[in-house]
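Colleague: Sequence:
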Amino acid sequence: MNRHVRSALLLGASLLGAGCEQSTNPGTSSFVPEIQYVSPESVTLTTRVSGVAWDPEAFFMSLATCGPTCPIPPFISEGMPLYQRSAIRGGSVSALDPTNGATVGDPSSTDGVGIWVLPKVPSRNTAPYFIVSASQGALPTEQIGPPLPAIPPTQYLKTLTLRPIKTVSGSCVSMEAVHVGSTGVLQAVAKQLSSQGKPTVVSDLLDPTQYHSVTVVGMFHAGNAALRAPAAGTGLSATSTTGSGAPVSYPVYHIDWAPPGTPPSNLRSDRGFIVSATDKSPVGFAVVLVPATLPRPAAITYTVTDPVEDAVARRPWVYMPITAPPTPGIVTFLGIQMGYQPPSIPLFQLPPPPGACVPL
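Position one of the sequence shown corresponds to residue 12 (my numbering), numbered consecutively onward.
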């Protein structure tokens with residue numbers, strides 16, 4: 012037995028000696044990955060931007076036909092029937108870089124409930140991004156929620172949602188990709204212009220040689236951030252200043268609505284919208300045109316007014332003016348949710364959550 016132990020020790024010693032004669036550099040392990048140093052400057056940070064694609068005209072039509080005692084909450088939120096009836100399927104959504112006018116990354120398709128995701132929008136703390144919807148997509152055709160009248164289909168137009176997105180966090184959620192069609196409020200404006208002696212179709216409004224900008228403004232009820240009931244009775248003005256400081260006002264068409272087919276057909280759009288004879292909108296929609304016959308402004312200031320006095324509803328509501336440059340050749344949608352006057356919780360004490368990606 013001692014002889015076997017001695018033989019084993021000799022064999023081990025010989026193997027150890029052989030190992031000592033080899034290179035002292037250890038081989039690469041297949042179990043522990045080699046650590047690679049990457050300079051922080053070489054890493055491109057990205058932000059995941061997601062949200063909903065919806066048609067505000069379709070949303071309003073569903074709410075209006077549901078009636079004044081409609082039991083369905085008017086929120087743009089997955090699972091809400093009014094939103095689901097206005098959700099855009101098969102749309103295409105991109106992030107626009109306003110510094111060069113180009114979209115970044117690949118577009119996102121909208122799913123069956125209007126959800127879209129842009130997984131890699133470059134993160135930055137400078138200029139914000141904006142969401143652009145391509146001229147495609149459609150509303151659901153099946154019955155959703157209570158038995159409401161069908162919403163007339165429409166051809167969607169390329170639309171810029173005028174809501175800045177500051178990609179300073181890992182994700183931006185609950186963003187909106189608004190889709191504006193050719194047979195709603197814009198058709199009503201085109202018919203109004205035609206009735207005044209200027210034959211106009213919707214495509215003319217998007218012709219940069221005729222208009223520097225066409226903006227659809229949706230004015231919404233004060234309250235929850237997802238609330239999209241109309242701010243009925245509100246008005247809008249659109250102004251700029253010349254190089255000498257002189258004020259310039261632009262045409263604003265306040266919109267009203269009645270069920271499709273209601274006379275007069277020469278003024279009412281296929282979806283039932285018509286230009287109001289007053290300077291207020293009963294349904295919270297307005298359209299601003301900047302004619303190309305005027306000098307193109309560097310920026311347009313949109314100011315909402317609320318003449319309604321109602322202590323129960325805490326009106327008049329307020330909203331600070333918004334200034335933005337014109338965007339020719341594309342529909343711009345500006346969604347304005349009105350705010351309550353004091354007494355209220357001061358907004359400066361409630362900073363938005365990081366996922367809201369609001370420029371501060």
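These aren't lab readings, by the way, just hints derived from the structure by calculation.
Accuracy of the hints is not assured; some may be wrong.
Claimed, not checked - For each label pair, taking beta carbons as the anchor points, the in silico distance ranges come out as:
1) P306 / G123: 23 to 29 Å
2) K169 / G123: 19 to 25 Å
3) L305 / S180: 39 to 45 Å
4) S205 / L56: 47 to 53 Å
What the hints assert, rightly or not - 30 Å max Cα-Cα, derived DSS-like pairs, lysine-lysine:
5) K169 / K291
6) K169 / K209
7) K131 / K169
8) K291 / K209
9) K209 / K177
All C-beta atoms, glycine included, are put in the ideal place defined by N, C-alpha and C.
Colleague: Now look at each hint and say whether the structure bears it out.
Modeller: Hint check:
{"no.": "1", "hint": "P306 / G123: 23 to 29 Å", "verdict": "violated, 46 Å"}
{"no.": "2", "hint": "K169 / G123: 19 to 25 Å", "verdict": "holds, 22 Å"}
{"no.": "3", "hint": "L305 / S180: 39 to 45 Å", "verdict": "holds, 40 Å"}
{"no.": "4", "hint": "S205 / L56: 47 to 53 Å", "verdict": "holds, 51 Å"}
{"no.": "5", "hint": "K169 / K291", "verdict": "holds, 27 Å"}
{"no.": "6", "hint": "K169 / K209", "verdict": "holds, 24 Å"}
{"no.": "7", "hint": "K131 / K169", "verdict": "holds, 22 Å"}
{"no.": "8", "hint": "K291 / K209", "verdict": "holds, 23 Å"}
{"no.": "9", "hint": "K209 / K177", "verdict": "violated, 41 Å"}
Hints 1 and 9 from the list above are not met by this structure, while the remaining hints are.
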